[in-house]
Each structure stands twice: as structure tokens, then as C-alpha cells.
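Undergrad: The primary structure of each chain is shown beneath.
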Amino acid sequence: MPQPLVLIGQGLWLQMATAIVARHLQPFGYQCVALELPAVIKEPSAVACGPELATLCKMLDLPLQQLLQNAKGTFSLGSQYQSGENSWFVPFGHYGLNGAAAEFDQAILQLLQQDPDSKAEQFSIAASAARQGKFALAPANRPDLSSALSYGVHLHTEEFTACLKHFNLQHGVTFLSSQTLEIQHNTEGQISSLQLDQGTTIPVGHCLDCRAEPTTGVTSRTVQFFSAQDTTELLQQPYSSVIQTSWGWLVRLPLQQGSHWFTQCTDPAVDLPQIRQELQQLTGQTDWQHCSRQQPTESQPWQHNHLRFGQAAAALDCPLYNGLTALQYLVIRWLDLLPNQSSCPATALMYNQHWQQYQSEVQDFLQLHQQPLATKTGQAFARLGRAPNTETDAIKAGQWFGLMQGLGLKPELSSMLLANRTETEIHQGLRLVQQQIARLIAAMPSQADTLNRCLQQLEH
Amino acid sequence: MEAKQRIIILGGGTAGWMTAAALSRYLPKHRFSIQLIESAQIGTVGVGEATIPHIRQFNQWIGLDEADFLQATGASYKLAIRFRGWGQANSDYYHPFGLSGEDLYGLPFHQHWLWLQQQKTASLKNYGQYSLAVLMAQQGKFSRPVADLKHPASAFNYAYHLDATLYAALLRQHSIDHGVEWLDGKVTAVTQNTSGDIAHLILEDGRQIDGDLFIDCSGFSALLIDKTLQTGYDNWQHWLPCDKALAVPSEKDPTPPSYTSAKAMTAGWQWRIPLQHRTGNGLVYCSSYLSDGAAEQELMAGLEEQALAPARALQFVTGRRKQSWVKNCVAIGLSSGFLEPLESTSLYLVQIAIESLLQYFPSNPVGEVERELFNQKMELEYLRVRDLLILHYKLNARPEPFWQYCAQMAVPDSLSQRLEMFRETGHLLEYRQGLFQPASWLALYLGQGLQPQQLDARLSALDTTRLQHWFSDYQQQLQQLVQAMPEHHHVLRNTELAGAAVAPAFSLYGHRG
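Read top to bottom, the protein sequences are chains A and S. Counting in our numbering, the first sequence tops out at residue 460, every number present. Counting in our numbering, the second sequence tops out at residue 1513, every number present.
Since the hints were derived computationally from the structure, they do not count as laboratory data. We put the CB at the ideal spot given by N, CA and C, even for glycine. Be a bit skeptical, because a hint or two may be false.
[Said to hold, decoys possible] Listed below are several chain S residues computed to face chain A (Cβ distance under 7 Å; list not exhaustive):
hint : residue
1    : Ile1042
2    : Trp1182
3    : Gly1185
4    : Glu1340
5    : Leu1358
6    : Phe1361
7    : Val1369
8    : Leu1429
9    : Glu1430
10   : Arg1458
11   : Ala1461
12   : Asp1463
13   : Thr1465
Please build the complete structure, drawing on both the sequences and the hints.
TA: Structure representation (C-alpha cells):
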């Protein structure tokens, strides 16, 4: 009999981790128990999911259309950034139409160098479609386009959570709830059982802990979090908006009805009234919710049979990077290694090292937003126009490139792998791609049409 | 008009000419001049007779036609390395350029194989028998891989055995045709400017060769990177204790196998590399455990064909230059480090260095960013190859004193963690940067008898009988595919038999890898 897997936490993260575990392990006879605990931190009202959600939905056999319908979702091809007068798009998909095309990004950079009026997004089908309010899934006869048109979704958190809980109940997950929790350890430091309200005890093989709040002994920092909602309908925007502020970045996620604003500040010397004032000026919104919360800053997620996925994901969670993506990654990678024993220190060590890699790639991406040239990645791009070789897909190649060129980093050196091509050859090649992109977009429906079609399919 | 950037390549072995060929292919002649200095008085080591599939991409990159290449270098095709006597005296396994089996029920194939082995399934064959590349190598067959990912023949790749001297000659001609200036001369002095950059080289005949960027391909002598710039060396002999080699050519095998042979010996291992016109042989050994005389005797006794020349001796210190790029000097090849040719990685490491140099190509003067990126990349590549090489030695139960030392030696943390993880759960974690992926690690773990203590927790829920049927059917399908393939030696004579060439996959294991 497999060891019992117990998931603990609350809200979206608990339901998502449970859905992944239940779907993966149900065919193997596992019984999953999800223990719902009281929420310590209020979840943001909307969530931006990256392209991994579409893959995950296929894996779970959970129709994405259903999520879009129930959670008032919209599509997202990436993020539209605004910094003062400058604006640029950071797509999920790669630039160009062939992801394997060597040095395509370098060719774009050369063009930008020679022709300051050109924009990188002319060579991104995602950016070009987003600008025109268009959205389509890559057609079945063009699988080559699916990566360039990688998309995420914006969903209403509460309804998304409810969908997942329904899914989990259908998959036989046992739900428990408790106001209190006491974790019992054995002499080797493993969790042996969980003690709930009124003395109920449940045995544990592995405990998948989805709680985001830092526990005693975990270093953390204070984050000031602001959110607001407005009713403006933005179906013509299949993307998130990211606006630079004096303290960081403000993110807007459009849903089917209205949109949601989020920003956070980690500067301890922050002037909260001034932030409110600036937010009001930038958005016209007056009703800003504010909360102060503790965010873990370190994580070794796999410790004995205790998987602290929530804390690890929370260490990255911010308006610019959704912790849910990190949580999904943590759970799936752990399931890949599903051990038959509660203690496997070498496996845990390797897993944690791999997680450090993921975490450092995300942190690098976030740091780029603040001080691009203070990071090795920014310096490398500013010198050579190349994004780093990464060990994970935490940040997609198109996102690295889109962000760094958008932030105004211009490489000092041009690619030697293109040095034998004439300027005319490079420009002609780029124009050809641009024309192909334009033709594809001309035939593309608007996001509103695609969304309607998706929802109608569900009704039929 | 801006002055041309002057690139000086010192050394004309395989590394030097590969570098010259690639740089002359990409760097425009109106902006760069490339000179290669080679001394007829200094021989080359001639590394890299056995290669891995990446060499195909390099050849394609510089515009070498495969048929021309095969003819000019006397090359044969290579699908695997056969390891005999590794782990245990009677072991015999292949490290193929290919994957084994398919993932089933969301679990990797090897977990199922280990599970059936634990269940003592009578029909279960050796792990290698579920690899198309192994079956082809064992049965002397050859065909090119296909790009259709649904086809089992997309799960393997191929490389070559080649004559390194002939390959260098082919690349030399190719480079000269592309504008590389070839200078015959021996460097007697190196001059640095006040910043420490190399300014020029003085040749024995008094010529002064000025340069902006110097590529040190001077082999073990590391004339620029070490003798001039004193970069220092990380010695890895405590993990890879072999320090000498003997090499001898023998007559050709009329039906050359499509695999490299690596046979464990008393205090090292013997290689056999079948070419079209001769066979390359050698013994890599540890001089603390085997005398030179005994080594020669062992090598000669192990030859399968008549020797064509006396054995040539080599001495080396396994390890890596602390930095491959210092000031305005980039070390490529043996000047940058030495790893024994057990996994045929010498030319791969040269190729990766060249590709990285082109990616991070500097301005004049060189910037810190490109130097650092290049050095980081090369360090990672060397370390990851090193760990797999150490594994060959570490995992053994042989009785000889040399092998007992290896079995008991401490290994780098990066390797011991990886090993321990497999022992615990039978699982592997792949990395993206670096050469060897789980398929390679598995070939070694399982080939050298490492058994995990536990397997994936899901296996016990599976229907063993259904699994057994799947394994039998799959193996039969592979056997049928192999039977329909032409003989390797026929393909070598008639290259058109090999089937339509597809673009090489930049992976050891083919398009699926």
C-alpha cells in the first residue's frame, strides 16, 4: 500500500498542487488527502498563469475553456511594458517564426542598431498580434507556430480555485479541514503524523506543504502589497500591462469583465501615502487595498518527508512573477522523482540544488527590472546581446530577450556568426519574416472572437 | 579604413585546424586576418580518432560534405562505445549514441526495466538490448537515423572513427582555401605589452608575428596560456590516475565494427578504433601500477591485427587549465586541458570551445564579459565530462590493486551526490548544459552493475504481465528494424546505402535526445 500523501495549505496553491498530485497518482492507487487550513494571507483576486498552464490542463484532462468560462479568464501573449515614454512587449513565445533559427535575435539587434525606428516586436508574432488585440491558438496544421504563439491566461482566483477543488473532489481526493495543526516528528526528524482539531491524527508518508507564510527560523522580508480592481473591459488586450513606478512596477491583469491591478514594494523606508498618491495618478483608481505581509527569502523545499513547496514558491511570488508557476514546477519535478521511502537525502539534496537554479533564474529576471546592469545577465546582454544559457524554463527565451532589449540594453558587439552576411541580406531576411507575420496576423481573429468561440464550444 | 583584427593560431594539430576552419568560415576577410603557425619540427598528438555525433554538426557548419570527409579521413561510422571488463572482469556493455526503450505510464523506461529485473522476469534482456544503436553495433549494421520522432530510428545518432592526421590535413586545405595564412615556424619567444596581453611571437628564423587575439593550440606545451601567461592547472589525477598512454596502428579490419572498443586492463584500459585503412589501438595506464615495459607487452598482446609500427608513448596530467581564456589568449584543445579519450570527448571539447569563442567573440581589446562567459562555459563542460569519466573507474569490483584504489577513492561531490541519488531511488536529474544526459549515465550505472536500493513508488501498482509483453514486442520490433539494415562495411563502400542524410541533431542521442 503506497504511503499516504497529505497536502496542506489553503486556497489556489493547495488546490493546484492537489490536482496535479491526484491526477498523476490516482492511476497508481494513491489516496490523496488535502487538509485545508485557515488562510493567513489573503490571495490576490486575479492570477496570471504562464504557458505552462495550457500544458498542465492537457495533462490533467481539464479543459482550459472551462477555466476560462468559470474563472472569467482572458488570454495572454505576454506583457506590455511601459516606462515613461518607452513601451515594449515581452512575449512568452520566441521571436521569429522558427524557434531553431540560429542568431535570429542577433539579427534583430543589428537592425535595431542600424535603424532606431525599428522595433523588436515587429518580429514577434505574439507581440504583433497582441498590439492589434488579436489572439488565436496555433492551428493544428501549423504546429511550428505553437511555440511562437505560446500563451498564458488571466483568471479570477476564487473561481479558478473552485474549479480545481471540484476537479479534485471528482478525482477522489479526501478533504479535511482544521483550524489548528500540530506536526508530529519521529526521532529521525521525519513527519510521522499531523494532529488536527480535537485530537484527530492523520498518518503521513510525505507532507506536501503549500502554505506560503514563512515559519519560524525561515528568513523573510516585509512586503507592502497593493491591489485594486476596475470595471474597464479590456478584451482588446490579450496581455498583461506592466508600468514602471517610482518604487518598482505596477501590473494590470485584464479579465472578461474588468481588470485587476497589483504592485508591491520591499523598500523598508517606503512612504505609503506617496505610493497611494502615485497609484491614483497612474490609474485613476482611488480604492486601493493595502496589506503588509512576510515573504520568505530562502528555501530548501525538500527536507526529510516535508516538502515546503508553498514557502519555496512564495519566495518568488510577486506581481511580475506568479508563484503558482513555481509551485506547479516544484510539484511536477518532485513527482518525477517520487520516492518509495520517506528518507532519501541525496535525492532531496539534488532536487533542492535544482530548485536553487530555478530560483536564481527567476530572481535574475526580477533583478533585471530594477537594475539591469547590476546583474551578470544584463552585463552580458549589454556587451554581446546574448541572454544566458539557462538550466530551466522558468523564464522563456523570448522573455529574456524581450525584456533586456526593451529596457534599452544595446549590445556593444555584434554577432560574429552573422559577420559574413551583408546588411542587406540580414534586413531582407528580417523583412521576409515580418511580412509572413503580418499575413498570419491579418487572418487572425480578435481575442474577443476566439474567447467567444472557446466558450461556445463548451456550451455545445 | 579600420585595421584588420589579427588572429594568430599557434599549433596545427586537429584543434588548430578546426579553429582555423571555423573562424575562416565566419569571420569576414576584410575585417580579420587569420594566421596559423605550425612547426614541422613539432609533431602533433593526433587526438580524437574516435568522436561523438557533434562532429557531424561541426563538419556541416564549416561546409564539409560527408562523403568527401569519409573518403579523405578514412572514417568509419560509430554508434557506440563497447566497454568490456569495466565494473567486473566479465562485464560487457555498450554506451550507445541513443536512447533505450520508451517512457511508459509517465515513468522512464529504465525504472520499468529495473522493476522487471527485481521481479526476476525470465524474458527480460540486458538493458542494451532495448537500444536500436546497441543492436546495430552488435550486429554490424548501419543506417542513418530518421527525423520523424514517432519512428524508433529517431532515437539514435552516429559519429565517426577518423584518422586525426588526415582530418587535420583536410581542414588545413579547407582553411587555406578560405584565406587562412599557414606559416611554418617554431616560436622561440613571446612578447607581452604593458597590460600583459600578448603582443607578438618571435619565430626561430627571426620573423615577428604580431597579433590582436592569440589562440593557443600548442598542445601539452601550452606555450602561450601557461608558459607565457602562467595560468595554472587543476590536476585531477587523484580521480583519474592514468598518466601514460601507448598508441600503435595495426592493419585494417575488413569488416570494421561500428563501435569503439574500450577494454579494461590491469591498470588502465585498451582502445581499438577501426578505420577504413587501418586500426588505431592504444593503452591508457597508470604508471604507478604498471611499468612501461609491461604496458607495451599488454598492448601488443591485445591487438587483433598485425601492428604496423612501433608503439608511440605519451605522458599526460589529467586536468584542466584554471582558465581557458586569459588576457588576449584563448586556449583550445590540449593546451586547455586533458581528459583521457575514454568517452571520445577530445574533439567535442575543441568544438565547444570554438563555438563559444564565436558566440562571445571579443572586440580589440578583449572585454571581461566575454572572457568570463567563455571560461564559465568551458569549466562546466570539462567538469561534467570529468565526472562521467571518474564514474567508469569508481564503479568497479575488480581485484587488481589499481582498480581497488579507484573503487575506494573519494570522488568529487558533484559525482557522489549523483551516484547516491541513483542508489537511493533509481532516478536521475538531467542538466541542460553539458554533454552527457541520463541515457549516458544509465548506460554506465547499469552496465557496471549499480543497483538502486529502491525504485519509483508507482511501479508496484503496474500490471507486470502487460509490461513483460510490451518489452518483448518492443524488442522484436527493434530486431526486425536492424535485420532490414545494410551491413556497416557495405555502407562504407557504398555511402548511398546509408539512406538519405538528415540534418544532424545536436544531441548524443539523435532527434529524440
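Undergrad: Identify whether the interface hint at Asp1463 (chain S) stands, where standing means a beta carbon of chain A within less than 7 Å of its own.
TA: 11 Å, violated
Undergrad: Return the status of the interface hint for Arg1458 (chain S): holds when the least beta-carbon distance to chain A is below 7 Å, violated otherwise.
TA: 4 Å, holds
Undergrad: Would the hint on Leu1358 (chain S) be counted as holding, given a Cβ-Cβ threshold of 7 Å to chain A?
TA: 5 Å, holds
Undergrad: When the nearest CB of chain A is found for Leu1429 (chain S), is that gap smaller than 7 Å?
TA: With Cβ-Cβ at 5 Å, under 7 Å, it holds.
Undergrad: Does the CB of Phe1361 (chain S) sit less than 7 Å away from some CB of chain A?
TA: Because about 4 Å separates Phe1361 (chain S) from the closest Cβ in chain A, which is inside the 7 Å limit, the hint holds.
Undergrad: At a threshold of 7 Å, is the proposed contact between Trp1182 (chain S) and chain A supported by beta-carbon distances?
TA: 21 Å, violated
Undergrad: At a threshold of 7 Å, is the proposed contact between Glu1340 (chain S) and chain A supported by beta-carbon distances?
TA: With a closest approach of 27 Å, the Glu1340 (chain S) hint is violated.
Undergrad: Under 7 Å, Cβ to Cβ, is where Thr1465 (chain S) needs to be relative to chain A, so tell me if that hint holds or is violated.
TA: Result: violated, 17 Å to nearest chain A Cβ.
Undergrad: With a cut-off of 7 Å, does the beta carbon of Val1369 (chain S) approach a beta carbon of chain A closely enough for the hint to hold?
TA: Given a least distance of 4 Å, the restraint on Val1369 (chain S) holds.
Undergrad: Would you settle whether the hint for Glu1430 (chain S) is holds or violated, based on the nearest Cβ-Cβ distance to chain A being less than 7 Å?
TA: 9 Å, violated
Undergrad: With 7 Å as the cut and Cβ atoms as the points, is Ile1042 (chain S) at the interface with chain A?
TA: 29 Å, violated
Undergrad: So, Ala1461 (chain S) near chain A? Judge it on the closest CB pair being under 7 Å.
TA: 4 Å, holds
Going down the numbered hints, you'll see the structure goes against 1, 2, 3, 4, 9, 12 and 13, while the others check out.
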